[in-house]
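Listed in order, the protein sequences are those of chains A and B.
The first sequence: position 44 = 44 (this note's numbering), numbered continuously.
The second sequence: position 99 = 99 (this note's numbering), numbered continuously.
By construction, these hints were calculated from the structure, which means they are not laboratory data.
Positions of the beta carbon are idealized from the N, C-alpha and C atoms, including for glycine.
Mixed in with the good hints, there may be bad ones.
[Stated by the list, open to error] Restraint ranges, calculated between C-beta atoms of paired labels, are given here:
no., chain 1, residue 1, chain 2, residue 2, range
1, A, A47, B, A17, 37 to 45 Å
2, A, A47, B, L30, 49 to 57 Å
3, A, L66, B, R96, 40 to 48 Å
4, B, P67, A, Q60, 21 to 29 Å
5, A, E69, B, L15, 26 to 34 Å
6, B, S20, A, E40, 53 to 61 Å
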Amino acid sequence: MAKVSVRFFARYAELAGCDWSAVNVSTPATVGDVIARVREVFPGTQAMPPRPLAALNRRQVKHDALVNEGDEVALLPPLSGG
Amino acid sequence: MMHLTRHPIDVGDLLAAVQSAERGGTCVFLGTVRNDADVTGIDYSAYEAMTVDEIERILAEAHERWPESRVMLQHRLGLIPAGEASIAIAAAAPHRDAAFAACRYVIEEVKKRLPIWKKELSANGRGSWVEK
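Given only the sequences and the hints, what does the whole structure look like? Please build it.
Here it is in structure tokens:
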């Protein structure tokens, strides 16, 4: 098992009801596995799109990126900076 | 200079950070909160640590492409009233072509890559996330 920090931002934080949490996933695990677990633990996040943008340790990644104990996964609504 | 601020942006500080006697062309881009429909302001939030990392990567890429240029940017967060700037980019280079190109490169990458979100606030007190 690996414990992974999860951060929610903007609308996704409203859906989750929090902006930070941690989930446990069986290893080997990917970002996609973390998101699947998040949808179970935070039912409100089921309203996120099927493949939300995600970052692993502050870099955008695809859902097949592998996660390790202590990593930080962030779920990012569509970006709108500027 | 900090890349993120919660105060009004001072363009003079940005200019001072990029201008020099060797750089004959300076270009400034300002992004300003529009008063679309009944929007009174926009509340900007960010994944701040990743935003700072990403800004530094974008500025490093601009420097690789236009080695004689110097580019600085500042993004404002928090509630910004319509009419005030949310972002400022200053790019200076020996000649104007590189200054314009570097400035354009940075704002386009900012739009694609920075983990920043906007909530538009209306006169009726409602807020709505901008997700386009």
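Exercise. Could you tell me which of the numbered hints above are not met by this structure, giving the numbers in increasing order?
Key: Violated hints (numbers, rising): 2, 5; every other hint is consistent with the structure.
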